[in-house]
Amino acid sequence: MKSLRSHEGYMLVDNRNGPGVDDATMIALGYPAGAGRGIYESATYTCSHCNTVVVIEPRRTRERGYCRKCSQRICDSCEALKAQNFECLTVKELADIVQESAERHADVQSIILPWEKSRS
Amino acid sequence: MAKYAGNWTSVTATAIADTTALTDNNYPYAIQGGTSTQRNVISDIMIGGEASSSTVIILKCARDSTASATLVAGTGGKAPVLLDGSGTAPATAPLGGNSASTDPQRSSTLHLINFSFNAFGGISRWVASPGYEIHVVGNTASLGDLSLSGFTGTGAAATSGQILFETV
Chain A
121 MKSLRSHEGY
131 MLVDNRNGPG
141 VDDATMIALG
151 YPAGAGRGIY
161 ESATYTCSHC
171 NTVVVIEPRR
181 TRERGYCRKC
191 SQRICDSCEA
201 LKAQNFECLT
211 VKELADIVQE
221 SAERHADVQS
231 IILPWEKSRS
Chain B
-7 MAKYAGNWTS
3 VTATAIADTT
13 ALTDNNYPYA
23 IQGGTSTQRN
33 VISDIMIGGE
43 ASSSTVIILK
53 CARDSTASAT
63 LVAGTGGKAP
73 VLLDGSGTAP
83 ATAPLGGNSA
93 STDPQRSSTL
103 HLINFSFNAF
113 GGISRWVASP
123 GYEIHVVGNT
133 ASLGDLSLSG
143 FTGTGAAATS
153 GQILFETV
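For the record, the sequence lines run as chains A and B. Using our numbering, the letters of the first sequence correspond one by one to residues 121 to 240. Using our numbering, the letters of the second sequence correspond one by one to residues -7 to 160.
Everything labelled a hint here was simulated from the structure, so no lab data went into it. Keep in mind the model is a prediction, meaning the values are calculated, not measured. Just so it is clear, CB atoms sit at the ideal spot from N, CA and C, and this is done for glycine as well. Wrong hints could be hidden among the right ones.
Stated by the list, open to error - Pair ranges (Cβ atoms, derived):
| # | chain 1 | residue 1 | chain 2 | residue 2 | range |
| --- | --- | --- | --- | --- | --- |
| 1 | A | 158 | B | 61 | 40 to 46 Å |
| 2 | A | 148 | B | 148 | 16 to 22 Å |
| 3 | A | 130 | B | 148 | 27 to 33 Å |
| 4 | A | 182 | B | 81 | 43 to 49 Å |
| 5 | A | 142 | B | 74 | 36 to 42 Å |
| 6 | A | 223 | B | 74 | 22 to 28 Å |
| 7 | A | 196 | B | 144 | 19 to 25 Å |
| 8 | B | 119 | A | 121 | 21 to 27 Å |
| 9 | B | 79 | A | 201 | 36 to 42 Å |
Based on the provided sequences and hints, a complete structural model is requested.
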């Protein structure tokens, strides 16, 4: 069984060769204070429900969102939503629904069916 | 299946608010599925600043609430190219670039990644863990169209970069 940490991505903000970015801007964008100076490397995770990439702040003590139904990490917004409706719909499931729906409504003339191919 | 690199060179992103049409050649890149059933997964975004003086850049990778129409390379943008020289493209290739007959509009709610760095020597990069990429599904809003664009408050400075993605 894989750990949640094995699913983490990577974020780099490298301002070593420049004046950097002020803390107010970085904090407003979800980065910790100091991330705009020098080199900043952090783990990230992708919310299973909405695909938002969350930069992990290691000093955060509040619990991260986690969905027991899909067994994946989720962002704070999806965590708040899940607390209200208890629903789990991952982006991958949503993608399957969209693809299936598009396929059903596709122009059937454009699909080469096996028996049509054999006639030609 | 087919892995692509969408890249742009010396494109200056201007600050454009959510749900406002982006303007040709003023956003680094947008990606749209080639067909209504196509799925593309984004695994890597790399941006480098090219300013000649201190300029704080704020770029948002976000889904678009209004999809682009006839998305093409544009000035400084490049259409997606296969990473593998011997790779086979799907029947209808995904679209990418920074110019369109109808430019996309960034969703006000579906922001996926925030990039901020000083374009005077700064770079930023995000890499997804395999299996945890960003999905672009179909070719309609909001799942099928995604853009990287300058957010409110960004300074105007040129950047170059690339988005690596795969049609699966």
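* To do: Could you see if the CB distance from residue 79 of chain B to residue 201 of chain A stays within 36 to 42 Å?
  => 39 Å, holds
* Could you see if the CB distance from residue 182 of chain A to residue 81 of chain B stays within 43 to 49 Å? => 46 Å, holds
* To do: Hint says 19 to 25 Å; check whether the CB-CB distance for residue 196 of chain A and residue 144 of chain B agrees.
  => The hint (19 to 25 Å, Cβ to Cβ) holds, given that residue 196 of chain A and residue 144 of chain B are roughly 22 Å apart.
* Is it true that residue 148 of chain A and residue 148 of chain B lie within 16 to 22 Å of each other by Cβ? -> Holds - the Cβ-Cβ distance for residue 148 of chain A and residue 148 of chain B, about 19 Å, lies within 16 to 22 Å.
* Holds or violated: 36 to 42 Å for the Cβ distance of residue 142 of chain A and residue 74 of chain B? -> 40 Å, holds
* Kindly confirm whether 27 to 33 Å is satisfied by the beta carbon distance between residue 130 of chain A and residue 148 of chain B. => 28 Å, holds
* Asked: Is 22 to 28 Å right for how far apart the beta carbons of residue 223 of chain A and residue 74 of chain B are?
  -> 25 Å, holds
* Asked: At the C-beta level, are residue 158 of chain A and residue 61 of chain B separated by a distance inside 40 to 46 Å?
  -> 42 Å, holds
* To do: Using the Cβ atoms, figure out if residue 119 of chain B sits within 21 to 27 Å of residue 121 of chain A.
  => At 24 Å between Cβs, range holds.
Going through the hint list in order, the structure satisfies each hint without exception.
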